[in-house]
Amino acid sequence: MNVKTLLLYLFISFPLPLWAQGYAGLGGSAEGFNEPQSGYAFDFPKDHGPHPAYRIEWWYLTANLRGEDGRDYGIQWTLFRSALKPFETEGWQSPQIWMGHAATTTPDAHFFAERLSRGGIGQAGVTAQPFEAWIDEWRMAGPDFDTLTLSANGEDFGYDLSLTAQGPLVFHGDAGYSVKSADGQASYYYSQPFYAVEGTLRLPDGDMRVTGQGWLDREWSSQPLAADQSGWDWFSLSFEGGDKMMAFRLRGARGDFTSATWINADGSTETIPDGSIQMTPLRTDQVAGRAVPTHWRIALPDRDVDVEVLALTPEAWMGTRFEYWEGPVTVTGSHDGIGYLEMTGY
Amino acid sequence: MTRAVIQALLSHWRAHRLQLATLLIGIALATGLWSAVQAINAEARASYARANAQLAIGQFDELRDPSGPIPISRYVDLRRAGWQVAAVLEGPYRVSGRTLRLMGVDMVAYPALPGVTEAEQSTAPPEPADMLTAPGRVLASPELEPLLQDQINLPPILTTSALPTDVILTDIGVAERLLNQPGVISRLVLLPIQPRDLPPLSQIAPELERVSPSSQVDTARLTDSFHLNLSAFGLLSFAVGLFIVNGTVGLAFAQRRGMIRTLRALGVSMQRLVWLVLTELTVLALVGGGFGLLLGFFLAGALLPDVAATLRGLYGAPVTGQLTLQPQWVLAGLAMAVFGTLLASGHALWRLSNMPLLEGPGVQAWQSNSRARRIVGATGLVLIVGGSLAYVSIGGLVAGFILLAGLLTGAALLLPALLAMALSALARTARGPIAQWVWADMRAQLPGLSLALMALLLALAANIGVGTMVSSFRLTFVGWLDQRLTSELYVTARDADQAHAITAWLRPQVDAILPIRNVELSHETGPLFLYGVVDDPVYRQHWPLIASTPTVWDDVMAGDAVLINEQLARRATLWPGDELKLSSERILPIAGVYSDYGNPTGQAIVSMAQLDHITPGTETRRFGVRMPPEDATAMAQTVRDQFDLSPGTVVQQAAMKAQSLAIFEKTFVVTSALNVLTLGVAGFAILTSLLTLWTQRLPQIAPVWALGLNRTQLARLELLRSVLLAALTACLALPLGLVLAWVLLAVINVQAFGWRLPMFIFPWDWLWLFLLTLLAALIAATVPAFRMLRLPPAELLKVFANER
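Chains A and B, in that order, are what the protein sequence lines are.
When we follow my numbering, the leftmost residue of the first sequence carries the number 9, and every step to the right adds one.
When we follow my numbering, the leftmost residue of the second sequence carries the number 7, and every step to the right adds one.
Just so you know, these hints were derived from the structure itself, not from any lab.
The reader is advised that the hints may include incorrect statements.
[As the list claims (entries may be wrong)] Dumping the calculated EDC-like pairs for lysine to aspartate or glutamate here, alpha-carbon to alpha-carbon at most 20 Å:
| id | chain 1 | residue 1 | chain 2 | residue 2 |
| --- | --- | --- | --- | --- |
| 1 | B | Lys587 | B | Glu526 |
| 2 | A | Lys93 | B | Glu133 |
| 3 | A | Lys93 | B | Glu526 |
[What the hints assert, rightly or not] Stretch by stretch, here's where chain A covers chain B in the computed footprint (C-beta under 8 Å, at least three residues):
| id | region |
| --- | --- |
| 4 | 78 to 86 |
| 5 | 110 to 120 |
| 6 | 191 to 201 |
[What the hints assert, rightly or not] Residues of chain A clear of chain B, computed beta-carbon distances all greater than 10 Å:
| id | residue |
| --- | --- |
| 7 | Phe165 |
| 8 | Gly214 |
| 9 | Asp312 |
C-beta atoms are modelled at their ideal positions from N, C-alpha and C, and glycine is treated no differently.
Here chain B stands alone, though its shape is the one from the complex (with noise of 0.2 Å):
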């Protein structure tokens, strides 16, 4: 019996191959979408922690000095006091272009790191003296060899695989000489063992500060919201493509209540068919499941590497392009892909489990009554009332979402009520009695189009959302970055000798030379880098402050006052009026905000003066030159031939602005890409919904056809139906996309990347992404009108016959 039935089932598929197409794609790209986030964000994850583990970070307590660097005869002082520290110097070595870390560890003292403990447990392992002793080695990946290999400044290179992809490791001998920094550590690490009666750190070195690793700068915590982004994208995409699975699985039962009555009526029993039925879904999820593992699994190695260079750009995080396919993540999407399937057919199956032994096939079928549609418009409202609450109350990125998934799923349910509501209105307008058939009509198959219009709807808006936020940020960023690149040529000399001779030689050619002098400090938030400027009118009149006192430049250039950016304003919730702690004995009061996109971390500015007050004895290596602009080119190749300097080190505005642009449109590379494929799916949802209703067409078809309307007009009418919902759901979505840009920009850009933007309006995309709308809902009716208009006339007389 069972293998006569599971027959019966499986005739289904066979006769309806489009349709296991359908459903099966549905599930695949649910699936394939929502995996390949899973993916991407494992791999950027692992990276980073596997960065940390590599490089020993996050284990240990730190002494820093905040005002900059300390000598080495304070890590002297500190031994011979008893403190078992290791020195570490670090800093930033451009490599062709590129710039990578280089980190130089006192290798005798330094606790076990795995890169060089696979590199002593090579076949050739490397000559303690070789390690140690001029010229020294250099540790770095396999990656970095051929960029490293030509390098006429750096020692033999050995390679390990337990490095990061974008660090040099090396003994902290050969670091001074390649950072030239001799005699200065960035940072000491704790050992972990310390004798007993040490004295107290105030007493040896009271410049120190002691970091515990839970406050060293967190790869995974400054990324973590950019990841949250993405795992957003991925449910969207998940939640649209389980309305394709929704609109197949109907249709598909639908079509199968003449088949599954007469299984009954043979003997079989409910219970019987119901567990077939669900492991029929499970192994179609499974199948689906396995196909969208594929497609996730390429489309994550195609994402990959723009995530990667995002994260580099945005965070100066490692992460690696290559992705590595993980047993725990095929079992999580085909978990997700079954729990996702039988999610969206659990409406289908419950009505197939009550349904009475004797009915026909259903003309009611896809009716709902309107007081079930305001149940769910009820629940929308409670929704949207429930994620306002939750952003007001608690605050933070999470509750930024909580109110972004609110906002949306109510929205989208609120969504059926609207549009009858608006049917209703517009049938209130209609003359004629075809006019009115239509409208009727409409309302009539609101029910079974809604979960696709639902689909649609959210797409829609967050396209308009999601685009609003990219556009508005880009016009913001351009200006900004006109703003704040006001020097023609930025020049990095080799050293302080070099930077005086350049500057000497420059001075009466040019405009104006502004020198670029930064240490790093310390603040409770993170890293704070502190940068020293000299009044110039560039500043007064392009500095991009987003809050100021009245007297902010003069406060800031007379020493009395600091300017900080606004990720450090927001992060401390600090602006004009309060103060920041520069050092042990310097506060000042804050000036000014300034906005500072794509940077992470902390930043303020003071005069040069007060910079030399709190940092003594920094050497200023780089500066901005400010002449013409038609002659910047010239000047830039005069400068390198002049005294021998690298492309890097004399760069363009022009360049760097290209450079900056080209990271910014990385960055959302991936948004637009998923962006692009909701739409797609949701799409493909109508086109599944208007099959499943065409089936139970025919009955109200019929009479209106047997009044007098040709098939013509009535597949004309078929495509004005899909349209103009389309169109209505289009208007609904606009203010939706729009307060989803809103929260985007003002609330979830703040809480991830520490800056607010101003929101532009872009009315012509609107009008184009409409115009797309409407194209894919006529294309997604045309399947039926094509139908309609190819319908033998006898298929519409058997509904009077009475034969169906």
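Extracted from the complex, chain A is given alone in its bound form (with noise of 0.2 Å):
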């Protein structure tokens, strides 16, 4: 089947972040769905497996990489798991539809590539214990979450990594319960941004052994999006240090909604509530025919910090089916760093 329309259909219909273009029927109703709940007790390795019962979930990682060549690179790897019905079942009619997204990105290019695939016969899933996270040959897999090895092809790229944890899981909100907007939509949401990573990048010039730290999300959820909200602009930044931290504004038409998580290098974490971090788009950049905010300027008072992120380069168009900015970024200023920068809706 005509796979763009039917998924343009399938995934726009759910309120998603990434695909939140202000569509009408993005408040639509979870029915049969479960719905996060405040207070939940997460349970792993279980958690790290996969949720039918839920609308929508993901395991997204970013890297920001150091290549031997003395340049910077960034990757992406992002297995979504997008349910019809909240179950699973063996064969072609499994109602849990997959979709992976990969990416690599040079100071001068961009190179991505997507998947898609069906539930219910081994072509893509998640296990959690031992871990592997798969949509055909790409794959995230280890004993547990701790150690793994990362790989995707693209027709032009491809990248083999190795990564290690550092330090603990972090979960953000409340004990990863996520308010995701000002009337309570919300999803689950926990963090592993201590990755070491390691390995090569195969590029159309050759292979590059990489160095450098990962960041993997965590996320599910049913409907974590108000009606209104259009799209949204999601900052990890990792600076000097160790101290780290997470922060994202979700535009909508009765105001931004923003929401933030200092993480301590030692892995504890501030919940920022909303309206305490500012964010401000310095200059734009006219990438696939879109005005995108490539320079930014992230401020939070109570911490001191007082930064520009710039993007490595505003080249980082995800021309998937539902297309999107996804790139790392450079950090200057009050704190010194490196990070990631998603932003939907442009």
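Join these two chains into a complex; the hints should help.
Shown next, in the form of structure tokens:
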């Protein structure tokens, strides 16, 4: 079938931050699906695996890397799960649809690829223990969540990396219950931001050995956005000295909703409530025919943070079925560092 | 001045309305038949192209397992190795006696199909959850909706006009259930974008073969021969139609000579006259062509359903029975009309432009000398020899048609010379002056009639040739059906378990049960269906072998050899003694070749045990039942009731034969329709030629009349002349028709369909055709004969008074 229109319809029906574009059906009710509740007690390793009774879920890894040539690189590896119905069955008629996105960004180029599959036949899926997340030949797997190998291939790029966690899991919002709007839409959201990464990028010009750090987000929900919210800007920043910050802004007709998590070098966190953080686009670039902010000012006065965030290259546009911008950034100002930026709805 | 000339030219048509009508009818017939065939061909070709585009066939490479279906696990293996493939499960799906093609694609991975896109862009797009999960949805063209609506097995139907009319499209998950083939895949489509560093196919799935789009079954290629056949008929009809135009224009010009002489004398330049006549002819051609297009459109509309049925039956090619009017078709038709008219009038026009200013109405106007006849005859011989040489040196279907064209035109050109010889020979036997005059007169008329007689020759030869082919084919086909359909009942069970139950139940009550099992393999010449048979005397006694080794059945039943059908044998030039590769490790010698009419694909037969070796685990769901024929009807009903089978799954031999014959008859409906039309057109051509000659007859008849022959005698002689010439032509047409039949059976059929047919002779048909020809000639001569009878003697006297 024409996946383009089918899945456009399929995914756009759900209020995902990634594809939220002011679609009228955003606030649709999640009939038959479970809803995130505050006070949920996470159960690991089981919760590293899929939750078919929730409508949407992802395993979302980004990494800032430095090559042997001294240049900066970035990679993305994402597996999305979207449920048509809140259960899983064997065979073609499984209602679980999987979608993979992979990308490599260099200072002057951006490569990406996309995969689609359904559950039920083994072409894509996630198992919690031993951990394996895969779609086609793309794979993120290891004996446990702390030690993983990661691979993906596109038409003109690919990578093989190994990830080793150097710190604990980090829970956003209220112990992993992350509120996404003033109306209370929420998701379960935790991260592993402490991966040390090494491996090889395969690029059109040849292979490149790289090392760096990775950040993996885990999130699942059934209806995380409010009806008026049209897109979001999401930052994962790692500062020199070991502190990290996750921050996002959901842009809505009734005003923006912001949320952030300050992550200390030891893994302890502080949740920063709506309105505390200021995010200001300083410059936009024309990418893929759209005006995309690639230079930002982020200010968090409570912690004396006032930094400029600059895209490694403006070209990091994901021209996948649902388009968005996702790429590595550098941080300068009160704190220096690196990170990843994701922007949707432009 | 121009206006005056135009008025003078038009006055002729006002005075000769019948002639005008004849001319227009001639142009209309030529254009109409030609355009009808063109419209049918264009429609059919457009249907194939549409169907292929709608199903994305022939765009991508595919992976197939020569030994049978592919398990889902193989698909996952390939995917997890990086190979970007999309799964397709397809098969025949029977609904109320009609076999449709059910195509289940992995709707998540398959490339965009127009049908799905259209459904998604409709006002009520299907929910992905409905499409992908049980019970699912099926997509079909609106024409199929009434048929599918009441099927309780089918999920809800979504209609889309972007699907062929014999296809049901659905998700592969739905298709597995409808086709009762869970967990299997028919073929894998290789998607256009593949990741880097792919491991080779031989490492992951060595049993799969990569098939490029060009070697996938291409309907257009398969049916090319059929369309070439139709085109040849269309061209023949066009040519015959032009004979009428030629006759009429010749007559009109002959009658206008006086007027033209007067116009020239009044000072109109020849150049202006020629231009005006050219314009006049073009306008007439456009008017006649317009009528022809109307005729062609309705004719095509009337014939298309039969052609569509033929193409579906013979090749499984999806053709809709509806005709759409295309502008380029109209333009091409009109262009053909103008081109044809000018071509047919060229001779008359040339003579007009070369007419000496003061020449009177020509007594010799239509005569040509024997030297010209010899040149024409020699050209005919050259064409025949050239056509034969082309066939011998090039070969193939097109060369077959070149041979046909060479033979037919060559023979037509030879006709005047042959008729002249025959008449000379007959003249020598003449006793008495009247007889001598009659023969001499006939020879004198020959040049004027020769074009019409050529048309008659071609029409007769085509009739004999095509008639012989169809009748031979029919006879062979019926005999072959008797040999092939040996079981009294044919049963298709729902699954292997039910098949076991039915055979166990039937075995004590019947003579024998013959399992029928087949798998689809591929051969370099296209798909190859491999059948397994059990050793039963019925095969040894009845199977229609056309070539075999002495121990053919022993070898096949022992599993040491294979039988192949004639189509495969001719396409791949494989005959007894050669070897056939069935799979990578199994190559068997060919012990025999059997005839297999009506089947476009290659087929092979091995013993059931051998089939099990080649494709282990194939289920037997179909079998033939041998029993006393008189009990078959009752038994069929009992089996249906006992096992709750639908009527279509328990078929009696008699019904199967009737169905096969019905398909056969439909195949040749078009052929015979065109046949009859050409003969009619030829008769018409004779009539117009005789009318043309009539104007020049008076100076020749008047002296005979003056010598004492009365008008009744002369009218009788008029009739006799026409009938005799037609009879002579018919005699010459017979050998030509037989040669044509031989070429059709032994050359064209082999190339087009892959089978050669024995030729049978049908003398009674020839006699009937002969009588029909004489009747046509008689009717054609009636008009001049009547004129002769009612001719005032004063007119005849005027010849001597020099007042004409």
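Is the straight-line distance between the alpha-carbon of Lys93(A) and that of Glu133(B) 20 Å or less? holds (12 Å)
Closest CB-CB distance from Asp312(A) to chain B, is it above 10 Å? holds (46 Å)
Between Lys93(A) and Glu526(B), does the CA-CA distance stay at or below 20 Å? It is violated: about 37 Å lies between the C-alpha atoms, which goes past 20 Å.
In terms of beta carbon proximity below 8 Å, does the region 191 to 201 of chain B have 3 or more residues touching chain A? That given contact holds, which follows from 3 residues of the region 191 to 201 of chain B lying within Cβ reach (below 8 Å) of chain A.
Verify that the Cβ of Phe165(A) lies farther than 10 Å from every Cβ atom of chain B, and report whether the claim holds or is violated. violated (7 Å)
Does Gly214(A) sit more than 10 Å from chain B, CB to CB? Correct as stated: the minimum Cβ-Cβ distance to chain B is 12 Å, above 10 Å.
Counting residues of the region 78 to 86 of chain B that have a beta-carbon nearer than 8 Å to any beta-carbon of chain A, does the count reach 3? With 6 residues closer than 8 Å to chain A, the region 78 to 86 of chain B meets the three-residue bar; holds.
Outcome, coverage of the region 110 to 120 of chain B by chain A - at least 3 residues whose beta-carbon is closer than 8 Å to one in that chain: holds (count 9)
Run the distance test for Lys587(B) versus Glu526(B): straight-line Cα separation, threshold 20 Å. The hint holds at about 14 Å.
Violated hints, in rising order: 3 and 7; the structure is consistent with all others.
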